[in-house]
Structures are given as structure tokens and as C-alpha cells.
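Participant: With chain Z fixed as given, assemble chain C onto it according to the hints.
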Amino acid sequence: MADAVAGVAHRRLYRDPDRPLVAGVAAGLAAHLGVDVVLVRVAFVALAALQGAGLLMYAAFWVLVPQASVGTSAPRSRWGRSSQLVGLGALAFGVLAVAVATGSWHGSAALPLVVAAAGIGLIWRQADESLRLRWLGLSRRLIGPGPATGAAAARLVGGGALVLAGMAAFLATHDALAAARQGILATVVVVSGLALVSAPLWWRLWRELNEERRERIRSEERTELATRVHDSVLQTLTLIQRHAADPHQVQRLARSSERELRSWLYHPAADADRQFGAAVEAAAVEVEEVYGMPFEVVGVGDRPLDESLRTVILAAREAMVNAAKSSGAASGAVFYEVEPERVTVYVRDRGAGFDPAVVPHDRYGIRESLVGRMARAGGTAVLRSAQGEGTEVALALPLRPGGGGT
Amino acid sequence: MTVGADAPRPRVVVVDDHRLFRAGVRAEIGALVEVVGEAADVRSAVALIRQTVPDVVLLDVHMPDGGGQAVLAALRAELPRVRFLALSVSDTVDDVIGVVRAGARGYVTKTISGPDLAAAVRRVADGDAVFSPRLAGFVLDAFAESGPLPPAADPELDLLSQREREVLRLIARGYAYKEVARELVISIKTVETHVSAVLRKLQLSNRHELTRWATDRRLV
Numbered sequence: 008m009a010d011a012v013a014g015v016a017h018r019r020l021y022r023d024p025d026r027p028l029v030a031g032v033a034a035g036l037a038a039h040l041g042v043d044v045v046l047v048r049v050a051f052v053a054l055a056a057l058q059g060a061g062l063l064m065y066a067a068f069w070v071l072v073p074q075a076s077v078g079t080s081a082p083r084s085r086w087g088r089s090s091q092l093v094g095l096g097a098l099a100f101g102v103l104a105v106a107v108a109t110g111s112w113h114g115s116a117a118l119p120l121v122v123a124a125a126g127i128g129l130i131w132r133q134a135d136e137s138l139r140l141r142w143l144g145l146s147r148r149l150i151g152p153g154p155a156t157g158a159a160a161a162r163l164v165g166g167g168a169l170v171l172a173g174m175a176a177f178l179a180t181h182d183a184l185a186a187a188r189q190g191i192l193a194t195v196v197v198v199s200g201l202a203l204v205s206a207p208l209w210w211r212l213w214r215e216l217n218e219e220r221r222e223r224i225r226s227e228e229r230t231e232l233a234t235r236v237h238d239s240v241l242q243t244l245t246l247i248q249r250h251a252a253d254p255h256q257v258q259r260l261a262r263s264s265e266r267e268l269r270s271w272l273y274h275p276a277a278d279a280d281r282q283f284g285a286a287v288e289a290a291a292v293e294v295e296e297v298y299g300m301p302f303e304v305v306g307v308g309d310r311p312l313d314e315s316l317r318t319v320i321l322a323a324r325e326a327m328v329n330a331a332k333s334s335g336a337a338s339g340a341v342f343y344e345v346e347p348e349r350v351t352v353y354v355r356d357r358g359a360g361f362d363p364a365v366v367p368h369d370r371y372g373i374r375e376s377l378v379g380r381m382a383r384a385g386g387t388a389v390l391r392s393a394q395g396e397g398t399e400v401a402l403a404l405p406l407r408p409g410g411g412g413t
Numbered sequence: 626m627t628v629g630a631d632a633p634r635p636r637v638v639v640v641d642d643h644r645l646f647r648a649g650v651r652a653e654i655g656a657l658v659e660v661v662g663e664a665a666d667v668r669s670a671v672a673l674i675r676q677t678v679p680d681v682v683l684l685d686v687h688m689p690d691g692g693g694q695a696v697l698a699a700l701r702a703e704l705p706r707v708r709f710l711a712l713s714v715s716d717t718v719d720d721v722i723g724v725v726r727a728g729a730r731g732y733v734t735k736t737i738s739g740p741d742l743a744a745a746v747r748r749v750a751d752g753d754a755v756f757s758p759r760l761a762g763f764v765l766d767a768f769a770e771s772g773p774l775p776p777a778a779d780p781e782l783d784l785l786s787q788r789e790r791e792v793l794r795l796i797a798r799g800y801a802y803k804e805v806a807r808e809l810v811i812s813i814k815t816v817e818t819h820v821s822a823v824l825r826k827l828q829l830s831n832r833h834e835l836t837r838w839a840t841d842r843r844l845v
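Chains as they are written, first to last, in our numbering: chain Z, 8 to 413; chain C, 626 to 845.
Wrong hints could be hidden among the right ones.
[Unchecked claim] Below, a list of computed lysine to any residue pairs in the SDA-like style, where the Cα atoms sit at most 20 angstroms apart:
id: 1; chain 1: C; residue 1: 803; chain 2: Z; residue 2: 360
id: 2; chain 1: C; residue 1: 735; chain 2: Z; residue 2: 272
id: 3; chain 1: C; residue 1: 735; chain 2: C; residue 2: 651
id: 4; chain 1: C; residue 1: 735; chain 2: C; residue 2: 643
Derived by calculation from the structure, the hints in this document are not laboratory data.
Since the structure is predicted, the reported quantities are computational estimates derived from the model, not experimental observations.
Okay, chain Z solo, but in the shape it has when bound (with noise of 0.2 angstroms):
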């Protein structure tokens, strides 16, 4: 049945955590078998009044059937929180109308048995939020502190409290509260003495348990470092023996390599796709793979990518493969400087340069190539070159205050 909903192959039967109304078991269901909410709910209601079958079924499902993990649909609003509360509620009147409606109603019993009852869901419901704590902790202890636990402790001692009193109530109202005291007085002092005594076990299976917690999470990290090296470095040096007798392979082969790593160290967030930096960089990267030509780039200041600079972009690739074409030099330098007002990229190598009095032809098609495109986003750009002295590209662009490119 579940096979026929589609696009989803093999469905699990889970507890709903964002919107319950008592532990999200019916709303579960519901997504289960692909029927409405509210049905369940009636059905689980219907049945509860033959000799309380419902809230049994209920129970049962609440223990059974694990909790899905947060997030999976709408995020929980606080009247998912309150109509929660609303829930539980309405299940202990419930409990109550079938204690009075069998016969095993006694009015003395029933207010501390109810007080017991409240406490009891409290730390039930509890056990559920922890287990969701516990994920959202796993994922955010990598980035941060965990999330506050405060009242969720105050929560367990509330519902603990309100236990022993239903239970000190109950003891009271049936005058076995002096025999009690004996029975407890006894308790105590063995708990306390097996406390005591098994102390230090529980003490080193907590450090234990922590310590294996730990050891997981750095085996996790061993484990991705590894991937990476194995992936980058380990390949790109099996390469490099593979082709030693080619020093422009080994080098192109090294120098991919060492970006990348480094790019993974350093820049991790860095995206070409939307940040300026990011996309001066990409374009030397790509320059330097397909013409042989590194470019050390340097940068201040960075802004969110827009279509003119863009056209920025294409125009700093077009100097950096014009200077590996043609300037002859091993290697060339990018800088580019984002201000509030504009934006400026330098593109220079060392190489052969050229007489601009005497612009040979290709080199005449590449600047007012140059010229033409920063002109059409607003911008200038500039060649200068001596024979001999290498190239310097300059490109500015003048920004709108406050907003993009013109």
C-alpha cells in the first residue's frame, strides 16, 4: 500500500514529531497510509471507547515506533507546542472517563493518580525531545555549543516532582504513608549504598561512553582527511612519477594539486558562481589548465557577483589567456580591488611586452576587443607594455553607490 504512493519506494512507519497533538503516532500513521490526519484520529478515538482498545493501540504505537527525525516536514510552530499540551490533556481526561465509566473510580485515588499521570508524560515526553536533541547536538557540536539544555532539565525535574507528589498524595489518602516511610527509610539506604558502591563503574562507563564519542567523530574526520589526500594528493604524486621525465606535466600536475588542497584548507565556502574574489580566482585557475600559465592572484575587499561584473570577469580571462598566449613569460600576477565606488583588476606578466606604437594586428583585435566589452558595461580598460618589459592589463568598472555595477 505504501509501494503505491509515488516517488517514494519503501516507506517506515514514523512518528511524526513536528505536529503532534499527544506523541505526532496518529499524524504519523497518517502519512503512513496516506489518509487524513483527522480519520486517524477519530478511528483511534472510536476505538478507545471499546473498553479503552484505542488507547491501548495508542500506547502501544507511542513505544514502538521510532520518532523521525526533525525537520522532515514543517518546522514546529508553537501552537504545534501548544495543541501538544491540548492533547495530552484531553488523553488523561480521557484515562480518567474510562476509570469512572468501569467502575474503578475512587474519588480520593484519582487526583494524585492524575497529578502521577501528568509527571509521567512530562518525562515521557522528554525521552522524546532528548533523542531530537541528541541529533540536532551531533550535527551542531562540529560548528558550536550544543544547544541549551536548561529547560529541558527543569522540564525532568518538574515531571519527576510531580510524580513523587501524586505518589506521597496517593500513600497519604489510603493512611499507608507511616508504613511507607519505613519502606523508603529502607530503600534509601540500600540505593544509596548500591550507589555508593557502583559509583566509580558509573563513573567510567560515562567517561567511556564519552571517550568512544570523541574517538568517533576524530576517526570521522581521519577518515575524510584521507579521502581527500587519497583523492588529491596521492593521485596527483602517482602522476607526477608516472610522467618525470616531463617537467611542464609535473609541474602542472603539482600545482593543481597544491591549489586544490589549499583551497580546501583555506577557502572552503569560497563560490565562484556568486562572489567577485571567488571568480577571479576560478578564472586564473582555469586559464592556468588550459594554457600551462600560473597566476598568482591577490585581492582586497570582495561583493556579491552582478551581470557587469561578470563581464569584468571575462574580460580579466581574456588579458590572463592573452599573456599566456602570447607574453612568453613562466608565470603572471592578478590583483583585484573591490572599493565602495569601483572596482579594479590588474592583469601582468613579465614577459616579452610589445612597442605600443607599433601594435601588431592580433594584439590590436585583443585590446579593442578588451576596450570594447568593459565600454559596454561602463567600464574602461587600459594596455600598457614596453618592449621587453612585459604587460599590464587594467580594468575598472565605476559601481552606483549602494547598488551593483552600472
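Facilitator: Structure of chain C alone, referenced to chain Z:
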């Protein structure tokens, strides 16, 4: 960047935890400077520098036990005549700015050529600062004019002059000092003065952007 043949060769200590790299440096600049010793970790570096009192220490930023900053912290006040030049493969802003603020007279990357490295050593030995294009870019970023200054800011230390900014820009564009001098029609000595002034500001300014910006960068 040529080195005058008649000038005395500066005495140099190389501190780096990679033996191959130390051997490489010795081979590349050994003819131009006098390498008086090598050290592979912070403790032996401190002992060696105390014993030999070299003109220049080539200092690796990254070492297992604290790195270049630990060496600088141990010796900066004790041996003010010894000059430090940071040398690293690392590009991170924190490392570079950190070691310069701890007292290094400059920063170059390990990809620098032998002759350029020898020239940089000589420049540092003469008391000047050495800015690679990357360091110049970092400094321009750190002293960017945008952003509010703290109220107690010291304009003498916290702002770069227009001329200093021009010099840094040209260095960031890959210009050698003498090319900067020609471009701005000033003497090389003046370029060196500007760069040293920038180094002083970088070391002494408490401009909060210096720290805040490093943090921002890491999060980019």
C-alpha cells in the same frame, strides 16, 4: 633585485621543521648569504639564535610546537638586532598578520625564487621591510577605509596615507620595489621608507578591524 657583490654577506639561520626545505634554501641562497645554522623546532631555534646571533632568521610560520610566533615571543625583546623574515606556504590571514605583528620584518611565500629570497634577506638585514604581493593585499584589506573606526582610534597608527596605499597597491600588483619607485617617480629609498612605515602601523595599531577582519575572513 640584484645583490651588490661587494657588500658583506648577511649571516642567516634557517628555522623550518622540514629538512628537505632547509636543504633547498641552503642550496638556493647559500652562495649569496652565509647560512650559519639550521633548526627544526622552536626550542633548538631559540638556543641556536642565542648562540649565533645572526643578522636574519628565516622563520617558518608553521611548526609543531608553536611555530614562528613562539620563537619571536622568546627572542624579540632579548635580541632586538636580530631580524626575522617569515616564510610559509600558508596563506591564511591570521598566520601572516600574526607573525608580522609578533615582530617579523616581512613575509614571503615559499614559492619565492632563490635570488628573490636572497634579496629579501638582504633587505631585512638592512632594517627594511619585505612585503610580498599577498602580504600587501592583506594589509590593504586590514586598513580598508570603509567601516567605522573605534572612537579612541589613533589616526597616526590606524590609517594609511594616500602614498602608502599607492605603494602597497603596486606591490600587490606584482611590482618590485624599483618598479614601484619608477612608477611613482620616487627613489627606492622612499619606497622602503613607506613600506617600513606601513609595517610599523601594522605592528602597533590596535585598530579593531585588524582582528575583526581576520575573523570575518575565516568565515567567508
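Participant: For every hint, state whether the structure bears it out.
Facilitator: Structure-based check of each hint:
The suggested pairing of residue 803 of chain C with residue 360 of chain Z holds, with an alpha-carbon distance near 18 angstroms, which does not exceed 20 angstroms. Under the criterion of a C-alpha separation no larger than 20 angstroms, the hint pairing residue 735 of chain C with residue 272 of chain Z is consistent with the structure, at around 17 angstroms. Between the alpha carbons of residue 735 of chain C and residue 651 of chain C the distance comes to roughly 13 angstroms, so the proposed pair stays at or under 20 angstroms and holds. With a CA separation close to 12 angstroms, the supplied pair residue 735 of chain C and residue 643 of chain C stays within the 20 angstroms bound.
Checked against the numbered hints above, the structure breaks none of them.
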